[in-house]
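**Q** Below, each chain spelled out in residue letters.
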Amino acid sequence: MPTTFAVEFENVTYRYPGTEASVLEGVSLRVAEGERLGVLGPNGGGKSTLLKLAMGLLEVQSGVIRVEGESPSAARRRGVVGYVPQKPDAEMSAPISVREMVVLGASWRVKGLARVSGEVRAYCDRMLELTGAGSYADRAVGKLSGGQFQRAMIARALACRPRILVLDEPTVGIDAAGQSVFAELLARVHSELGLTMLVVSHDLRAIAAGSDRVACLARRLHLHGSPSGLTPAVLAELFSHDIAGIIGTGAVHVHAHAASECAAHGHAPPGGDSGSGVSELVGLAVSAPGAGTKDKPEGGT
Amino acid sequence: MTLAEAPTLWELVQLAPEPLLAGAALALMCSVLSVLVVVKRLGFIGQGISHSAFGGVGVSAMLAALGVISTGGAAEFGIVLGFCVLTALGMIAAEGQRKTSVDAAIGLFLVASMAVGGLLSHAAQRVAPQFGQPADSRSWESILFGSIIVTDRRDVVIGWVACIVVVGMLWWWRRAVTFWAFDEHTARAFGVPTGAVKSLVMILLAVAVVTAMKLAGVVLATALLVLPGATALRLSDKLGRTLALAVGVGTTGVLGGLCASLLFDLQPGPCMVLVMTGMFVGAAVIGWLRGRRGANSTMAA
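Respectively, the protein sequence lines represent chains A and B. The first sequence maps to residues 85 to 385 in our numbering. The second sequence maps to residues 636 to 936 in our numbering.
Quick caveat, the hints were computed from the structure, so don't treat them as lab data.
With a Cα cut of at most 30 Å, we get these calculated DSSO-like pairs of lysine-lysine:
hint : chain 1 : residue 1 : chain 2 : residue 2
1    : A       : 136       : B       : 675
2    : A       : 227       : A       : 195
3    : A       : 195       : B       : 675
4    : B       : 675       : A       : 227
5    : B       : 873       : B       : 675
6    : A       : 195       : B       : 873
7    : A       : 227       : B       : 873
8    : A       : 136       : A       : 195
Predicted model, so just to flag it, every value in this text is computed and none were measured.
This is chain A alone, in the form it adopts within the complex:
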């Protein structure tokens, strides 16, 4: 049976108006229905632009994007995509409770004399419980911690019954313990609702923990395949600009090479000067399930 794709990018290039360099160049990727795709890349690598294009918030200039077979903006208008923003620009002084915020996500189209149905309210309550936000549903949003607000935002995105859930940097500001709880939450949402999920992050843990497939993006697509393809060499290439800015280009090669050697021999990379960042990063890739093996990436440009 042919696979149905929820999101398709075909040779997409994007350049912001008034700038010379393209943010995305020749990106092609497909997300199957019900699949969890993690998009990993450095800051400025084009991840958020990819999301904005997928949601129709930016007009594609070159290439084709289809969301459930139609244009991204048409899919957005139909409420196909649920969106959890990276950094909420919400006015936290607004007098609004978590429940009101979630119901708004599902009912903003209701106007005038019409009322929000009991069925919609019940579904919102169910999403609040599913995300663990039910216990503070009547609390004002201004009184929530970062993690609590993140759950409320996921509940709001789910309340409009999307078929695709898009999360932009969902683990920013959450500590390591919170991240594993968050990964469990996303796994629970995925298994219960069977959604297609698109998670964008520069955090390797967030991507490795909860993705069926990964796409490594730094202007171009460096890898599009299983998480086992996250080899030290791929990561070093992907984050080369970030790392070079911290420790210098020469050190990158040394550490990446050292980590590759470690991966090949099945032990941890040297931690003598792990504060440099690259050995920690690449070491994490080595410890990721299946990483460091000789799996061939499935695609990419």
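Starting from the known structure of chain A, arrange chain B on it as the hints suggest.
**A** Relative to the frame of chain A, chain B by itself:
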């Protein structure tokens, strides 16, 4: 005057029915809008819109000098209102440009409108005799520095029509407006037509500002668009309660200030502003005491 000699509330209503009715309309309209103004930080935009009325006054003065419209009529009010609405929409358009901040856009329109108003009004006085019209600058005072104590039956009608239009439209689109006010960036991703909602709010703000200026003067217009919302938000974090409190503060401020001015033969505008300022200070103290009590109980636990 002793307390025994003071007129009763009913006697005050009989003494000044039009100012009380016009004041009630302004209080209701501006108080509802003030919650939006404070949450979305639109106070400076309100200032920009109110000062742009000078441009509208200049245009209407010139048209009156040319004999096209009559001074002090509905056409004059309509021109000033239209000028303010166009200015508000212009501010949004300028804000959308990448290189223009909202502050710069407001400042640009504010000074340009005042300059246009000044030049046209001056020119109108020189042109008027050539067209057989009286050269006066009455419209400056009558439109920009109205006094609620001299409102007549026509002003009451203007006030209540504006109030019904503003509150009615906000109520009709209350969910989309609330989503936009709370989280504009995410609302757009959810499909909310944020540009249209923003334009609607700006137009309603312009209607409220111009009406309040015409009926009560520019200082009271500004106070009514900020103080009720700011006071209510100090006391409540529930949407319905905040709106009710804002209306209560606005109504008490306008009617209380008006009664005080009639009782003690004082200027009504400053009395109203001071009553509302007093309520804001009281609310701030209550909020501070609540915060301290909350902190103490947390420490005790």
